[in-house]
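Novice: Taken in sequence, the protein lines are chains C and E.
Using my numbering, the first residue of the first sequence is number 2, and each one after it goes up by one.
Using my numbering, the first residue of the second sequence is number -4, and each one after it goes up by one.
Keep in mind that the hints were calculated from the coordinates and are not lab data.
Hints should not be assumed to be uniformly reliable.
Claimed, not checked - Computed cross-link-like contacts, PhoX-like style, restricted to lysine-lysine with a CA-CA straight-line distance of at most 25 Å:
1. C:LYS147 - E:LYS767
2. E:LYS298 - E:LYS463
3. E:LYS587 - C:LYS290
4. E:LYS84 - E:LYS49
5. C:LYS28 - C:LYS54
6. E:LYS174 - E:LYS463
7. E:LYS144 - C:LYS290
8. C:LYS147 - E:LYS769
9. E:LYS144 - E:LYS128
10. C:LYS290 - C:LYS257
11. E:LYS384 - C:LYS290
12. E:LYS384 - E:LYS769
13. E:LYS269 - E:LYS49
14. E:LYS49 - E:LYS174
15. E:LYS269 - E:LYS231
16. C:LYS290 - E:LYS761
17. E:LYS764 - C:LYS147
18. C:LYS221 - C:LYS61
19. C:LYS147 - E:LYS298
20. C:LYS41 - C:LYS61
21. C:LYS147 - C:LYS177
Stated by the list, open to error - So the derived list for chain E, only partly shown, Cβ under 8 Å to chain C, looks like this:
22. GLU101
23. ASP694
24. LYS764
Owing to the predicted nature of the structure, the values given are computational and were not obtained by experimental measurement.
For each residue, glycine too, the CB sits at the ideal point set by N, CA and C.
Residues per chain, in single letters:
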Amino acid sequence: MENFAYVNAADVEQVPSLLSDDWTETKMIAGGTDLLGELKEYIETPKKVVNLKSIPGLDKINADASGLAIGALVTLTDIAAHPTIQHHYTVLAEAAGSVASPQIRNVGTLGGNLCQRPRCWYYRNPDIICLKKGGDTCYAVEGLNKYHAIFGGGPVYIVHPSDTAPALIALGATAKIVGPNGERTMPLEDFFVLPDVNPQRENVLEPNEVLTEVHVPQPKMGTKSTYLKVRERGSFDFALSSVAAHFEMSGGTCSKANVVLGGVAPIPWRSVEAEAALNGKRITDAVAKQAGEAAVANAEPMTDNGYKVTLTQNIVSRAAMRLA
Amino acid sequence: MAVVGTSTKRIDGIEKVTGTAEFTTDIVLPRMIHAKLKRSPYAHAKILGIDTSKAEQMPGVRAVITAADLPDVRLGVLTLDEHLLAHDKTRLVGEPVAAVAADTPEIARAACEQIEVEYEELAPLFDPEEAIKLDPPVVLHEEYEEYEKLLEIAEMDERPPNLWQAYRIRHGDIDDAFKKAEDEGGYIIENRYATGYVHTACMEPHGAVAQWSSDGSLTLWAGGQSPYIARDGLAKALDLSPSKVRVIVPFVGGAFGGKLTVKEGAIAASLAHKAGRPVKIILTRAEDLAATAARTPFIFDIKDAVTKDGILIGRKVTSILWGGGYSGEGILKPIFSTHLYPGSYRLAALWVDSYGVYTNRVSGGALRGYGCAESAWAVETQMDIIARKCDIDAVELRINNLLTEGERTAITMPAHAFSAHECLTKCADAIEWETPSESLESPWYRGKGIALGNKYSFAPTASSTELKVHEDASCELRTSAVDLGQGAYTILTQIVADEFGIEIDQVKLVTPDTAITPFDHVAGSSRQTFHTGNATRMACDDAKRQIRELAASKLEADPDDLEVSGGRISVKGSSKSIEVEDLFVVEMLAGKRPAVDEIIGKATWEVTASPHDPNTGQGEEPMAYMGHGAQAAEVEVNVETGQVRIRRFVSAIDVGKAMNPQGVEMQNYGGGCMGIGIALHEDMCFDANGEMTNASLMDYKIPSIVEMPLNEYMESIIVEVPHQHGPYGAKGAGEIVVVPTSPAIGNAIYDAIGVRIWDQPLTPEKVVKAWKEKQASGNGSGS
Ligand SMILES: Cc1cc2nc3c(=O)[nH]c(=O)nc-3n(C[C@@H](O)[C@@H](O)[C@H](O)COP(=O)(O)OP(=O)(O)OC[C@H]3O[C@@H](n4cnc5c(N)ncnc54)[C@H](O)[C@@H]3O)c2cc1C
Ligand code: SF4
Chain C
2 MENFAYVNAA DVEQVPSLLS DDWTETKMIA GGTDLLGELK EYIETPKKVV NLKSIPGLDK
62 INADASGLAI GALVTLTDIA AHPTIQHHYT VLAEAAGSVA SPQIRNVGTL GGNLCQRPRC
122 WYYRNPDIIC LKKGGDTCYA VEGLNKYHAI FGGGPVYIVH PSDTAPALIA LGATAKIVGP
182 NGERTMPLED FFVLPDVNPQ RENVLEPNEV LTEVHVPQPK MGTKSTYLKV RERGSFDFAL
242 SSVAAHFEMS GGTCSKANVV LGGVAPIPWR SVEAEAALNG KRITDAVAKQ AGEAAVANAE
302 PMTDNGYKVT LTQNIVSRAA MRLA
Chain E
-4 MAVVGTSTKR IDGIEKVTGT AEFTTDIVLP RMIHAKLKRS PYAHAKILGI DTSKAEQMPG
56 VRAVITAADL PDVRLGVLTL DEHLLAHDKT RLVGEPVAAV AADTPEIARA ACEQIEVEYE
116 ELAPLFDPEE AIKLDPPVVL HEEYEEYEKL LEIAEMDERP PNLWQAYRIR HGDIDDAFKK
176 AEDEGGYIIE NRYATGYVHT ACMEPHGAVA QWSSDGSLTL WAGGQSPYIA RDGLAKALDL
236 SPSKVRVIVP FVGGAFGGKL TVKEGAIAAS LAHKAGRPVK IILTRAEDLA ATAARTPFIF
296 DIKDAVTKDG ILIGRKVTSI LWGGGYSGEG ILKPIFSTHL YPGSYRLAAL WVDSYGVYTN
356 RVSGGALRGY GCAESAWAVE TQMDIIARKC DIDAVELRIN NLLTEGERTA ITMPAHAFSA
416 HECLTKCADA IEWETPSESL ESPWYRGKGI ALGNKYSFAP TASSTELKVH EDASCELRTS
476 AVDLGQGAYT ILTQIVADEF GIEIDQVKLV TPDTAITPFD HVAGSSRQTF HTGNATRMAC
536 DDAKRQIREL AASKLEADPD DLEVSGGRIS VKGSSKSIEV EDLFVVEMLA GKRPAVDEII
596 GKATWEVTAS PHDPNTGQGE EPMAYMGHGA QAAEVEVNVE TGQVRIRRFV SAIDVGKAMN
656 PQGVEMQNYG GGCMGIGIAL HEDMCFDANG EMTNASLMDY KIPSIVEMPL NEYMESIIVE
716 VPHQHGPYGA KGAGEIVVVP TSPAIGNAIY DAIGVRIWDQ PLTPEKVVKA WKEKQASGNG
776 SGS
C-alpha cells in the first residue's frame, strides 16, 4: 500500500478539522476491516488516515426507556451479544451476528459497517475506473452481474453490503452526524442515497463528516422482528439477498410491517409493496406468500441475477411466516 | 519398532504453529530487492512495442526486463509453447510482459505502471467448442507445428489448429454394446456434464528468492513441488547448465498441483542477474488467483449402454478440456481423466475421444486429483442415474459392476490390491445407507449420496535418497521429496526410525536442496509415500549393509549374521554386540570420524511403465498403482434459498498401509473439505474480456469451517489392502480424497430434492433454478 500520515482523533469535535473536504485526501479508520483492504488493493490511496478508535466513549451501548443509543465504535460482536438487543431488537442482533466471521465482528464497528464501501468486483479491481470511482461506465451492466442490484439500480448497480443497515432501518433508527458545522441527525433511511443522486457515494456524508451514533427507538410491546440472510457460504459471506422484518402485532394481526431488504439494491431497500401486503392482515401462509410476491413485483433483474428475485421472494415469505 | 503404522505427530508441527518455520516470504538476504510483474490487460493481443525508459529512470528501480532480455526459448511441460515473458503476443489476461526489480515492492509496482506497452488487440477466443473446430474463428498459436513436443498425441486426419492434446481409447466393440442394450431391453443413458474453474488457492501465494554467485551460478529459494523440475526449468529458461542452478525448497504453504514450475522464480532470477542483487518476488493474492494455473473446466459427453439388470456393457465419451493460453501442466489431463471411465468397473467396450484446446483464458494446471476428480463427476453421477433407471440400489449396482482382483481394466491397468468393494461397503455402512434420510420441515430436505473413485499414480518415475549414519547412531535422511503439508517428512522419518529401531527424534531430515539432496521426481500424483518411501527403505538397507560389513571383523562374524537396531550391531542368536559408535575412531582435534568411510546408504527406486498408445489407450502396465476410495454425503437442501449444508460426510480410502494413521485421517478431512468447496462454491468467474472478476478470497469462495459437518458427523475410514510394491504395502492418499466428493454430494442433492445439476459448482443460484424448473414441469430433471 501507499504510505500515509496517521493521526489519532482526540474527540468527536476534532474529527472534521482533521479531515479534508476532498474524498481522496483523507480517510477515517475504525476497525479497519474494510478500509485496510481498500488501502492494500490500492482502491484508495489517501495521504492521511484519521483513527477514530482513539476517541473515548464511542464504544458504548446505552439501553433505556427511550431506546438504544449505540456509539459508532461499538463492535458487531458486542451488538450481537447484547441481551437487551437480543430480546427486544432481535433483528439487529441477528443481523450483526450474521456479518462476516467472528474475527471480523470482534473488530468491525457499527459505524464502519454502515459506511463500508461496495463489494462490486469491478469497484474492487484497482485497474478499473468505473462510474463509482469517477469513470464513465458501470461495467456491471454489460459484464458479470450475478451479485448486483435487482432494485434501484442505475446509473450504478452496486448492492449495499451492510447487514446492520436494513435491520436498523426496519427498527426506525436515526443517525447522528458531526461535521464542520456541528451536529445533525436524520432517519437512517435518509442517510443512504441512491446512485441517481450521487453515483460515487452510498450515503449523505461529506468527506469531513463522521457518523457518531445510531439511536433506535424502543419497539412497542408485542413487536417481533427477525433477519434472514442468504449467502453462498456459511461464514464470511455477504448477502445474496437478506430481509429485515420488524412487525408491530396486535392480536394475531400485523398492524404495521417494516420490511427492508439487503443485498439487492444500492441502498437498504424498503419494500413498500411487501409492507402493504402485510399491513392489517393476519399472517397466514397465503398472506406470507403474497408478501413475497409483492416484494419482487417491481424487481428489475439484470442479465445474471434473476435468481436473486426468487431468493428474495422466498425469504420475505419465510420471514413473515416466522413472525406470524 | 512399529513407528510405522502408529499415529505420529507431525515433525514440523511445532515449528509451524509457533511461526518459526521459514517460508519463501520469510527469506531476507543482504541487498535484496523486490520484483513486480507488468501484466497484459488483454486476453489476446499483439505486442507492437514496449517502452521501459520511464520506469528505468524512477528512483529505486534497479532492473527492468522484457522478453528481449531473456533467451528466446519456449517452455512447457510436454508441449513447449510458452515464453517466460510474452514475446510477440499475449494469450491471456495477466500474462507477464515485463518485470521490474526495485528497492521496495511499492516502487516496483509504480514502475510497472510507467511501462508503456503498445498492443494491437486481437479477437479473443473463449469457447472451447469453437476452439476445437477445424476452422476456428481465432488461432492462438500460429507456430504450433514448430514447437518442440515431448509427447505424441493421437493421429488425426487434420489437427484443429487450437488443439494441443488428443487421446483415444478403443476397447471392445462399442456399436455392438449399444445395439445389445437396445435389443435386449436395456438402457442407453446419455448426458453432458461440466466442471468449473477451480484454483488451488494455497494459503502461501507463489513466490521465489533468487541470488547469483560470482561464479555465475544461481540459487533459488521457492516453495515448489519439485526442486529438480524447477532446477531444469530454470536452466532451460535462462540457458544455463543445470549444474549451475541450485534450488532450495523452504517450507511450503500448500501446493495441490499449483506449484510445479517456477515461472516467477525464473523471472526473479533474470532480474537479479541484471540488477546484480538478490531479488524476491511474492505474488499478490489477486495475481495468484487470476494468473497462475487453475483447474480449468472439462466438458464431458458420456453415453452408456446398460443391460436391463444394470450391467454396464459399453461407454462412449467425448471430452474437451478447456485449456487456456498455454498447455502448461494440464497437458496430460485429457489422458489421465480417462482413467475413471472404466474406474473400478468392468467394461466390455470403451470408446473415448479426449481433447485439450487453447483458449484465451488462464492456463490449465494440476489440482489434486488431476483430471480424475473431474471425470469422476461425470462417471459417478451416471452411475447414480443408471441405478435409479434400473431401480437397483446405487451401492449394489456399483458392486455388481466391479472388477475383481487380477482382472485388467478397459485401459489395461491390472486391478491389483483392488479394494473398491471394501471402501464402498464400509462407506455405505457408516452413513447408514440402508436407512433413508429423515424428512425435515419445509423448506429443508435431506438426502444421501455415494460415489466411488480412483486415482492412479503416474509412471515412469523415480526417487533417490541418501541416508547417513552418525557416530551417535542417529540417521540423517537426504531427500528431495517435498512436504507440502501432506506429511511426507513425518512419514519418511517414521520409516528411518523403524528401519533402524531408533526414536523419531534420532532422525534428522535434510530437506530439498539440489546441491545436497538427490533426485526425487515430484511431490505430486500421490507418489511420495509410495516411491520416496521405497527409496528410503532401500537406502536404510544399504546403510545397514555397510554397517554390517564394517562390524563383521570386529564381531568376528559373517555380515549376514548381524543385526542393526537401536544403535547396536549384534550377532543373531548370541549376546555379542557393539555400538554403532565403535565403528568410528577418535581423531586428534577433530572428534570422531568413520573408521573406513562415511556410512552413507544410497538408493534409487524406479518404476518403469509402458506408455499408452494414444490411438487406442492400450498398453502394458501404464501406471505405478491404482488407488481406491469411496465417499458418502448426507446433505440438507433449502429449496427456497438453494443453500446446501453437508450434514454428514464419510470418506473411506484405501492406503494399503496407513503409515501414519493420523495423517491419513487429516487427508480424509482436509480432502473432504476441499472437495466440498469445489462441489458447492468455488468458481473462478471471467468477464467478456477474459479477466477473472473474483480474484480475492472474499469472492473466490473456499470453504470455511462452517461448511464442514460437525465433528461427530464427519467420519474417516482407513482401508488397508496392501500393494505388492508399496513400502509396507502402502499407496498414496493425497488425491483420492477429493475424487468422489462432488458426485457424492450431487447424488445426495438428487436424493433430497430430485434435481440434477450438471455443471459444477452446485451454487444456491443453480439449486433454486433447478428446483423452480422441476416445480414448473411437475417432475425432476435428469434420470
Ligand atoms: C471477509 C469480509 C467479510 C465481510 N462480510 C460482511 C458481511 O457479511 N456483512 C457486512 O455487513 N459486512 C461485511 N464485511 C464488511 C466489514 O468490513 C464490516 O462489516 C465492518 O463492520 C466494518 O467496520 P470497521 O470498523 O472495520 O470499518 P472500517 O474498515 O474502519 O471503515 C469502513 C469504512 O467506513 C468509514 N467509516 C468508519 N467509521 C466511520 C464513521 N464513524 N463515520 C464515517 N465513516 C466511517 C471508513 O472511512 C471506511 O471507508 C466483511 C468484510 C470482510 C473483510
Ligand atoms: S456497480 Fe458500481 S461499482 Fe460496480 S461497476 Fe457499476 S459503477 Fe462500478
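Novice: Indicate, hint by hint, whether the structure satisfies it.
Specialist: Each hint tested on the structure:
1. C:LYS147 - E:LYS767: Holds, because 18 Å separates the two Cα atoms, which is no more than 25 Å.
2. E:LYS298 - E:LYS463: The given pair, whose Cα atoms are some 56 Å apart, is violated under the 25 Å limit.
3. E:LYS587 - C:LYS290: 87 Å, violated
4. E:LYS84 - E:LYS49: 22 Å, holds
5. C:LYS28 - C:LYS54: 13 Å, holds
6. E:LYS174 - E:LYS463: 64 Å, violated
7. E:LYS144 - C:LYS290: 63 Å, violated
8. C:LYS147 - E:LYS769: Distance ~22 Å between LYS147 of chain C and LYS769 of chain E Cα, so the pair holds.
9. E:LYS144 - E:LYS128: 22 Å, holds
10. C:LYS290 - C:LYS257: 17 Å, holds
11. E:LYS384 - C:LYS290: 36 Å, violated
12. E:LYS384 - E:LYS769: 18 Å, holds
13. E:LYS269 - E:LYS49: Holds - the C-alpha atoms of LYS49 of chain E and LYS269 of chain E are around 17 Å apart, at most 25 Å.
14. E:LYS49 - E:LYS174: Between LYS49 of chain E and LYS174 of chain E the Cα gap is close to 70 Å, so the pair fails against 25 Å, i.e. violated.
15. E:LYS269 - E:LYS231: This hinted pair holds, its Cα atoms lying about 18 Å apart.
16. C:LYS290 - E:LYS761: 22 Å, holds
17. E:LYS764 - C:LYS147: The hint holds at about 13 Å.
18. C:LYS221 - C:LYS61: 23 Å, holds
19. C:LYS147 - E:LYS298: Given that 25 Å is the threshold and the Cα spacing comes to 33 Å, the pair is violated.
20. C:LYS41 - C:LYS61: 30 Å, violated
21. C:LYS147 - C:LYS177: 34 Å, violated
22. GLU101: Holds, because the Cβ-Cβ distance from GLU101 of chain E to chain C comes to roughly 7 Å (cut-off 8 Å).
23. ASP694: 6 Å, holds
24. LYS764: 6 Å, holds
Hint compliance for this structure: hints 2, 3, 6, 7, 11, 14, 19, 20 and 21 are broken, all remaining hints hold.
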